[in-house]
Amino acid sequence: MPRFLRDNALTVAMLGAFVIFLLLQSVFGWQVHNEELAEYGAAPLSWWAYLGTGHFAEAVFENWESEFLQMGGYVLLTAYLVQKGSAESKPEGQTDRPDDDPRHGTPDSPWPVRAGGLPLVVYRNSLSIALFMIFAGSFLGHLFGGVAAYNEEQALQSGAAPVSAWQFLGTSDFWFQSMQNWQSEFLAVGALILLSIVLRQHASPESKPVTAAHAETGA
1 MPRFLRDNAL TVAMLGAFVI FLLLQSVFGW QVHNEELAEY GAAPLSWWAY
51 LGTGHFAEAV FENWESEFLQ MGGYVLLTAY LVQKGSAESK PEGQTDRPDD
101 DPRHGTPDSP WPVRAGGLPL VVYRNSLSIA LFMIFAGSFL GHLFGGVAAY
151 NEEQALQSGA APVSAWQFLG TSDFWFQSMQ NWQSEFLAVG ALILLSIVLR
201 QHASPESKPV TAAHAETGA
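Those letters in the sequence shown? Residues 1 to 219, per full-length UniProt numbering, in order.
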């Protein structure tokens, strides 16, 4: 295996799967949308045109929104909360790790560590900040894609006047779409936290060692 692929195999595998599934989502979504248009006597769209519709944008960003909310929340909550026995929790009583102290930095440490001050403050929280920023962008993508899809559907069904993004934000339809994804994401993480107390996966960093006691906390 080439060195680049060996060193980045996990990222390549995950992003490769993402591209494949996103492409398949677009193809099946395109077919579904054209079936809906045909029911109302509207002309079908090309696949390329479909990619610019609210139907596609809403479906994509609605899921990204929940994923990054869950990941951002998970990263932030695990900094302060513990679950005894879980591989997903830091050990009880642990606050900052010794190597989080900038005094333990080396010449190879990231530049914010060496700079100190505000850059270090931001960098210490940069992972959760980045995840929540992607969540915010996805939330807006869901909102604007959703209002476009909603207005198109209303026009086809009843010829109703379009609503604004602000008006759509206040509809049950928008929040129903969000909540059905948010709840499932936090259920999945909660299940992983609890199941990792008593179950193992050999060689995975998300699992405690096979020989570890159930009460041992952290991977």
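Be a bit skeptical, because a hint or two may be false.
[Claimed, not checked] Below, a list of computed lysine to aspartate or glutamate pairs in the EDC-like style, where the Cα atoms sit at most 20 Å apart:
hint	residue 1	residue 2
1	Lys90	Glu216
2	Lys90	Asp173
3	Lys90	Asp101
4	Lys84	Asp173
5	Lys90	Asp100
6	Lys90	Glu206
I should point out that these hints are in silico values taken from the structure, not numbers from a laboratory. Bear in mind the structure is a predicted one, so any value in this text is a computation, not a measurement.
The hints, checked one at a time:
1. Lys90 to Glu216: Judged against 20 Å, a Cα distance of about 10 Å means the pair holds.
2. Lys90 to Asp173: 38 Å, violated
3. Lys90 to Asp101: Roughly 17 Å between the alpha carbons, so the hint for Lys90 and Asp101 holds.
4. Lys84 to Asp173: 39 Å, violated
5. Lys90 to Asp100: The hint holds at about 14 Å.
6. Lys90 to Glu206: With Cα atoms ~12 Å apart, Lys90 and Glu206 stay inside 20 Å; holds.
When each numbered hint is compared with the structure, violations occur for hints 2 and 4.
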